[in-house]
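Peer 1: Chain by chain, the residues:
There are 4 protein chains.
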Amino acid sequence: MGGSTFGRIFRLTSFGESHSKAIGGVIDGCPAGIKVDYDLINKELLRRMPGQSAITTQRKETDEVEFLSGIFDGKTLGTPIGFIILNHDFIPGDYENIKRLFRPSHADYSYYLKYGIRDYRGGGRSSARETASRIVAGSFARMVLHQTGLQIIAYVSQVGNLMLNKNYEELDLSNIDKSICRCPDAETSEKMQLLIEKLKSEGNSTGGVVSCVIRNTPAGMGEPVFDKLHAEMAKAMLSINGAKGFEYGSGFRCASMTGSEHNDIFYSEDDIVKTRTNHSGGIQGGISNGADIYFNVAFKPVSTIYQKQSTIDEQMNPVEYTPKGRHDTCIAPRAVPIVEAMAAMVLADFYLIAKTNRIRD
Amino acid sequence: MGGSTFGRIFRLTSFGESHSKAIGGVIDGCPAGIKVDYDLINKELLRRMPGQSAITTQRKETDEVEFLSGIFDGKTLGTPIGFIILNHDFIPGDYENIKRLFRPSHADYSYYLKYGIRDYRGGGRSSARETASRIVAGSFARMVLHQTGLQIIAYVSQVGNLMLNKNYEELDLSNIDKSICRCPDAETSEKMQLLIEKLKSEGNSTGGVVSCVIRNTPAGMGEPVFDKLHAEMAKAMLSINGAKGFEYGSGFRCASMTGSEHNDIFYSEDDIVKTRTNHSGGIQGGISNGADIYFNVAFKPVSTIYQKQSTIDEQMNPVEYTPKGRHDTCIAPRAVPIVEAMAAMVLADFYLIAKTNRIRD
Amino acid sequence: MGGSTFGRIFRLTSFGESHSKAIGGVIDGCPAGIKVDYDLINKELLRRMPGQSAITTQRKETDEVEFLSGIFDGKTLGTPIGFIILNHDFIPGDYENIKRLFRPSHADYSYYLKYGIRDYRGGGRSSARETASRIVAGSFARMVLHQTGLQIIAYVSQVGNLMLNKNYEELDLSNIDKSICRCPDAETSEKMQLLIEKLKSEGNSTGGVVSCVIRNTPAGMGEPVFDKLHAEMAKAMLSINGAKGFEYGSGFRCASMTGSEHNDIFYSEDDIVKTRTNHSGGIQGGISNGADIYFNVAFKPVSTIYQKQSTIDEQMNPVEYTPKGRHDTCIAPRAVPIVEAMAAMVLADFYLIAKTNRIRD
Amino acid sequence: MGGSTFGRIFRLTSFGESHSKAIGGVIDGCPAGIKVDYDLINKELLRRMPGQSAITTQRKETDEVEFLSGIFDGKTLGTPIGFIILNHDFIPGDYENIKRLFRPSHADYSYYLKYGIRDYRGGGRSSARETASRIVAGSFARMVLHQTGLQIIAYVSQVGNLMLNKNYEELDLSNIDKSICRCPDAETSEKMQLLIEKLKSEGNSTGGVVSCVIRNTPAGMGEPVFDKLHAEMAKAMLSINGAKGFEYGSGFRCASMTGSEHNDIFYSEDDIVKTRTNHSGGIQGGISNGADIYFNVAFKPVSTIYQKQSTIDEQMNPVEYTPKGRHDTCIAPRAVPIVEAMAAMVLADFYLIAKTNRIRD
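First to last, the sequence lines map onto chains A, B, C and D. Counting with my numbering, you get residues 376 to 736 for the letters of the first sequence. Counting with my numbering, you get residues 376 to 736 for the letters of the second sequence. Counting with my numbering, you get residues 376 to 736 for the letters of the third sequence. Counting with my numbering, you get residues 376 to 736 for the letters of the fourth sequence.
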């Protein structure tokens with residue numbers, strides 16, 4: 376089993392520890408004949424890459440993806456696309472001090488309980504390093520969806536207690552990558568940056584929220600009952616390192632609303648079915664209705680902070696621990712392309728599944 | 376594909392529309408030799424059943440489950456457990472008025488777009504009627520987990536803007552089923568009931584939040600990367616009708632916390648590893664660490680309200696619509712056993728998967 | 376896990392022991408909008424039914440299928456099709472004598488080792504009774520494939536040492552159901568019937584072979600490497616009770632052929648690609664090429680024979696055993712519709728999967 | 376979907392075309408803490424490798440496997456084991472002459488129909504090159520099974536019309552790898568070698584049969600109904616390139632046997648349950664009973680023969696074609712380790728699944 380495969384038709388199987396020779400994956404079920412957009416892949420990998428700005432970790436991951444199979448003459452063959460990204464930047468000895476201890480709020484302890492063995496270097500399999508493979512697969516998912524016109528746009532809507540109090544319709548989403556915090560509102564972005572820099576200087580970290588909107592969604596994606604579109608989306612998002620919550624459409628706010636406020640009234644305009652509001656977040660009964668899909672994902676503060684903390688070792692002895700290494704202060708800005716990649720994978724999968732829902736022609 | 380199977384080892388495949396002859400399911404992968412606790416099953420079905428109190432719908436679903444296979448001499452055989460629950464309470468003609476229209480915020484329109492055909496009676500497959508099958512499977516999941524001592528307890532923590540501002544450790548959880556709102560705090564419960572009755576009298580509805588805590592969790596449940604315990608839990612919870620959000624541990628609050636606040640410090644006491652806080656919600660790196668798991672699920676206000684609403688029909692003509700039938704005003708109290716059932720299914724599945732993680736002779 | 380689900384997109388999950396209340400299944404992933412051909416279902420169930428002729432078991436299984444969900448106004452909804460077939464014909468006490476012993480070449484012993492518990496009545500889950508569910512699902516699979524013009528035709532080609540030494544192209548396949556042995560060659564059929572009657576009178580049984588041909592197969596069905604069309608077909612056929620071997624195209628004969636004899640030479644005629652021979656059996660590299668698919672399945676002699684046999688009981692004591700009950704002498708004639716049903720399920724699944732191989736529009 | 380994943384718990388996802396940069400795979404679900412036996416892996420890869428003897432192709436595939444993840448301190452981590460094998464031996468231009476034509480009895484045509492694009496170099500994904508990944512995964516499967524004492528031994532039992540007329544119990548199986556034909560009977564092996572050399576000199580090829588026996592099998596492996604042990608084994612074997620038939624136990628011979636001949640009579644000796652015969656091939660009702668499992672797999676003559684053949688190109692024009700390159704004359708000897716590897720994967724998977732069949736202490 377193992378947990379490293381995502382999707383049913385369009386499927387990524389990923390592998391790799393933080394400090395193994397390489398990370399990588401196999402994308403199977405990608406339709407044949409798609410022109411591979413290498414620029415897209417590299418652009419998305421760059422957006423995820425550490426060291427891209429003053430506020431992200433200065434750890435260098437070159438993140439050059441090498442494709443090993445499944446592509447011919449620049450097009451997908453329909454066969455598995457194998458790819459690797461080498462792990463370079465490893466200083467031996469860096470991890471001697473954490474070899475036998477359990478870092479607070481990391482996966483060290485739970486992996487140890489589960490497997491009786493763990494790769495303590497950089498978090499091993501639990502490291503966010505593996506998200507680079509998601510970016511690669513997410514890029515192919517976007518290529519699958521390309522002809523539908525579907526757009527997936529994520530941005531940072533909260534850092535610490537700084538919240539962007541506008542919804543996606545009030546924002547100029549073309550600004551997102553202009554801000555190193557990936558917040559489309561310049562004023563809020565600036566404050567976020569200051570907060571992150573302040574916490575960084577204190578050796579602390581902060582949580583955040585990433586919001587995502589999907590436009591031009593084809594209707595009919597998602598399956599009834601257990602594989603509802605938002606249920607798979609929730610799984611996809613909560614599988615990202617550090618994610619603690621997911622809400623779509625009206626989200627947790629729905630709890631304090633009444634039905635008369637919350638119901639989205641259908642009407643038609645120019646022969647198109649529309650709704651007056653979109654608290655449903657583009658999904659009804661687990662199936663997309665063509666309206667915008669939007670959701671939020673909460674990310675916890677990065678667990679590696681540059682302060683002395685007490686913990687225990689494998690023999691349950693108390694020890695003190697101050698991390699070395701280079702980590703982000705707030706993961707949200709770099710989570711933006713990962714949220715988009717996972718959303719793309721969910722949607723490409725349902726898009727292909729939907730081709731089997733009816734016998735047409 | 377179809378979306379009606381949940382789980383990998385312990386699996387429920389469910390079927391049934393609101394007004395088909397029966398709903399039911401097949402539980403495959405349930406270990407052999409488990410004594411079937413029929414009282415548990417019936418108790419849980421009763422807790423979900425409509426018409427159980429003044430505030431729930433007066434629609435009568437007898438919800439008597441009939442087991443067809445997989446049980447012999449009162450024990451599970453290891454073979455599939457087939458079961459059905461007959462659909463009785465159907466008044467022909469009840470649905471004539473909604474046959475060709477799309478009810479606001481229901482699944483009518485999205486199913487129609489997806490399949491080109493739909494069973495308009497009572498929501499068809501999108502009806503919450505199918506959750507009775509989850510209750511049955513969840514009861515078997517509890518039997519699988521029984522020997523571990525694991526406990527799953529859910530309760531209502533919000534109705535409308537009435538929030539229970541205590542966490543699970545401050546509450547007497549033995550009170551839950553004494554309250555018809557399933558809120559363990561008597562004072563809040565009473566207010567919730569009044570609010571629900573008021574909205575009911577207005578033909579309106581309200582959202583709510585269900586909280587859940589899992590105690591005595593075995594460590595090592597959950598898989599790395601995509602099948603993290605909380606990711607599967609999120610999927611499970613968001614697959615429940617009307618769910619709009621999921622958060623575990625510190626949840627969305629984590630966004631405004633710093634790492635030094637949020638990190639759970641390990642220490643040992645009486646040769647047991649503990650953490651000073653439990654913002655991790657018992658899950659680190661997607662794998663249970665033995666501490667309490669807790670999470671919240673937001674439910675939207677019930678879409679069927681007894682007020683005149685405008686909508687459109689299949690020909691996009693505007694129509695007016697006032698529902699008949701009997702529906703809950705707030706789904707949260709009856710969602711409590713469903714949340715527990717889905718949690719049990721996720722955990723039983725991971726519990727069995729964990730048996731394959733190591734070779735222990 | 377449990378083993379009771381077949382297929383990826385078009386999926387049957389079956390349940391039921393020989394003497395449980397009912398057997399049945401859930402078909403999920405069947406496309407929406409298909410007119411249900413009840414006559415086909417009933418005809419196929421009748422072809423499988425025991426007691427249909429002088430040479431089959433006189434045990435009566437009424438095999439009336441009751442559909443519980445997934446169908447509306449005579450059409451598939453796209454949602455799971457739940458169905459049951461009640462188990463009637465059970466004489467209590469019939470199985471007292473085999474309760475604690477292991478019948479030779481039955482599944483009694485291996486089930487006991489695996490599960491520590493077994494339903495000894497009529498073979499429990501290992502009974503061929505469950506194949507009725509395959510017939511139901513296979514009928515829906517045929518409906519899915521209907522518009523392609525694909526035809527699946529199976530027949531008995533060997534009973535004991537009586538072999539039909541003609542291939543499918545030399546036979547009049549419209550004769551199959553005219554023969555109670557389901558052998559399309561009248562002369563051979565008559566001999567087969569005599570052999571079966573002779574063995575029956577001796578309380579003995581015999582093996583046989585079922586051959587199957589599939590015409591008008593769409594090209595492109597089957598997936599590379601592990602999920603080759605013939606690999607799935609082999610699994611499907613060997614999952615039928617009593618099956619011991621599978622070969623397709625040239626089959627085991629290929630071992631003594633040379634490449635120059637075996638290669639199927641391509642040519643074109645009237646703008647259609649053809650092959651001079653079809654040793655490939657319509658499948659190359661695991662993927663259908665549009666030519667006829669044909670294969671053979673070997674069935675062992677029925678294990679229940681009406682002769683005294685020695686065996687052991689659960690305490691390993693030697694015991695003697697003479698079966699009661701009513702069983703076929705040769706399973707091949709009644710296996711014919713089951714072979715067809717399983718072939719239909721494999722093909723419908725790959726037909727739907729193939730819709731996701733390329734992005735067309 | 377894509378077809379490149381095998382197994383449920385212990386799973387290989389493989390990738391790679393014959394002439395892509397590399398082939399490789401990801402093994403997920405391998406239990407943690409297993410000491411990696413690199414010697415075993417290399418020995419098995421060597422046994423599969425082309426160019427290993429006078430009768431196999433002189434094409435050089437170095438087949439050096441590089442592990443990228445999932446192993447730490449020489450042990451499995453429980454996380455995915457990613458590995459690659461580089462593709463070296465590629466002479467550009469070698470495939471210009473076959474670029475647009477469909478080689479007889481190859482997958483060129485069916486892939487082209489399915490995907491509309493194909494990698495024509497060396498058969499692309501349909502090349503037997505990918506079986507090296509099966510060898511790697513099969514070696515890990517053997518490590519999983521190691522403590523059970525289970526042994527998997529395959530050998531060549533037929534080449535052309537030369538058949539080894541002894542069953543596995545009459546043979547000295549320690550001789551297998553002493554013969555370059557991998558036939559344990561010296562006399563037959565010599566004849567086989569002469570036949571292969573003769574056909575090779577004629578530019579022709581021949582089919583063959585590989586037999587396999589599995590000893591010390593734990594009881595209880597295999598699942599009821601669809602996932603019977605022999606059904607999965609059949610799928611596994613028929614997924615190997617060139618396989619045309621599978622039979623286990625009495626196999627196709629069962630068709631001409633009577634029940635009284637075929638039934639395996641149980642008795643006990645020294646408190647061990649045994650059977651007088653083993654026509655069941657160690658599997659009853661789809662589940663292993665602890666007796667030896669044995670089966671045969673038929674392989675077709677290699678399709679690439681060094682004779683001029685006529686065929687057509689993509690425009691359906693007739694063309695003549697004489698292959699270049701280096702191919703085996705008979706695939707059976709090199710198929711031996713692949714048959715073993717696939718058997719190991721099936722068994723490791725069921726071994727792990729069986730851990731979830733019962734709740735024990």
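Hint data in this document are derived by calculation from the structure and do not stem from the laboratory. Any given hint could turn out to be false.
It does not matter which identical chain is meant; a pair holds if it fits inside one copy or across any two.
[Unchecked claim] Listed next, the in silico EDC-like pairs over lysine to aspartate or glutamate satisfying Cα-Cα at most 16 Å (straight line):
no. : residue 1 : residue 2
1   : K474      : E695
2   : K474      : D646
3   : K410      : E577
4   : K683      : E695
5   : K573      : D646
6   : K730      : D645
7   : K575      : D414
8   : K396      : E441
9   : K553      : D412
10  : K649      : D448
11  : K730      : D552
12  : K699      : E565
13  : K541      : E562
From a predicted model like this one, the values you see are computed outputs, not experimental measurements.
Peer 1: For each hint given before, does the structure comply? Return the numbers of the non-compliant ones in rising order.
Peer 2: Violated hints: 2, 3, 5, 6, 7, 9, 10, 11, 12; rest satisfied.
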